[in-house]
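A.B. asks: If you want the building blocks of each chain, they are given just below.
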Amino acid sequence: MIKIGNAQFWVHDQDEALAFYTKKLGWEVKADVKMESWAFRWLCVGPPGDDGPGLVLMPVPGPPMLDGADSAKLAELVAKGAGGTLFLETDDLQAAYDDWSARGVAFNDPPTKQAYGIDTSFRDPSGNNIRLTQVLDFDPGRG
Amino acid sequence: MANVPAARHLLRAKDLADARYFEPLAVADLAAAAGLSPAHFSRQFKAAFGESPHQYLLTRRLERASALLRATDWSVAAVCFAVGAQSLGSFTVSFHRVFGMTPLAYRAANPPAESHLRIPRCVALAYGRPQNRTFREDKAASPA
Chain V
-4 MIKIGNAQFW VHDQDEALAF YTKKLGWEVK ADVKMESWAF RWLCVGPPGD DGPGLVLMPV
56 PGPPMLDGAD SAKLAELVAK GAGGTLFLET DDLQAAYDDW SARGVAFNDP PTKQAYGIDT
116 SFRDPSGNNI RLTQVLDFDP GRG
Chain X
30 MANVPAARHL LRAKDLADAR YFEPLAVADL AAAAGLSPAH FSRQFKAAFG ESPHQYLLTR
90 RLERASALLR ATDWSVAAVC FAVGAQSLGS FTVSFHRVFG MTPLAYRAAN PPAESHLRIP
150 RCVALAYGRP QNRTFREDKA ASPA
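Taken in sequence, the protein lines are chains V and X. With this note's numbering applied, the first sequence covers -4 to 138. With this note's numbering applied, the second sequence covers 30 to 173.
Note that these hints are calculated values from the structure, not bench results. On a predicted model such as this, the values are computed, not experimentally measured, just so you know. One should not assume that every hint holds.
Stated by the list, open to error - Simulated DEER-style distance windows between Cβ atoms: (1) X:165 - V:7: 31 to 41 Å; (2) V:80 - X:155: 51 to 61 Å; (3) X:128 - V:77: 20 to 30 Å; (4) X:147 - V:80: 19 to 29 Å; (5) X:154 - V:10: 24 to 34 Å.
A virtual CB, placed ideally from N, CA and C, is assigned to each residue, including glycine.
With these hints in hand, go ahead and build the complete structure from the sequences.
C.D. replies: Laid out in structure tokens, this is it:
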């Protein structure tokens, strides 16, 4: 059997990302350790009570992983929303929407009925997309 | 809203403590979430859940603090404030009372976070690779 261990987003600033995921979303820090010898910081967060995959927040890398121009391009692509999407599921989307809205999370769309359930989305400070879905019995007439 | 058991309102307060423990929550905030006066609320909460709301919130914070001491390299002060404790002194005292040792002793008694991080090999390979002095000298040498 294969399962997903962790997923990863590129972020522009790890401190900014950490504040967003913990203070606004209320997520827990799964790990935050600086590897001094590499100038690298392993930062992993996840929703409270979820022992499933964590979200690793990695800084846009510089040389020698990427040269300066590529590093800047990657940072810009993430800022343009091309970084990818994290798909979250909840059993009470409206509660999460109300709570996070009150915490200052700017949603891109209100809870919207889809054939597969109800969903909404928002972005992290770097521009990474996060989709929140409450899965319901499939109903082509609902969407 | 008819026939809602009173405990349902108390559970709202418990959920708030679980979810927003890292904010400067006080018993008054929890009481407000349950829609009760603080004194009445504390008695009701204790009757329902076996401990006072203050103790519940404190142990929620201490549980998170112990996890952060094991999983991060943050200072004790950073851990204290990250879990919503307002005073480093009383945080340390509470921690000692519950865990039987200081936060630093607790961290020392557990394997260092760095030793049990499951950092994928590709990350070690990418970030641990030293930069050669000739990296991108092709572009640096060519005229703009």
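A.B. asks: Each hint should be assessed against the structure and marked as holding or not.
C.D. replies: Comparing the hints with the structure gives:
1. X:165 - V:7: 31 to 41 Å: Since the Cβ atoms of residue 165 (chain X) and residue 7 (chain V) sit about 22 Å apart, the hinted range of 31 to 41 Å is violated.
2. V:80 - X:155: 51 to 61 Å: 23 Å, violated
3. X:128 - V:77: 20 to 30 Å: 46 Å, violated
4. X:147 - V:80: 19 to 29 Å: About 24 Å separates the Cβ atoms of residue 147 (chain X) and residue 80 (chain V), which means 19 to 29 Å holds.
5. X:154 - V:10: 24 to 34 Å: This hint holds: roughly 25 Å between Cβ atoms.
In summary, the numbered hints that this structure violates are 1, 2 and 3.
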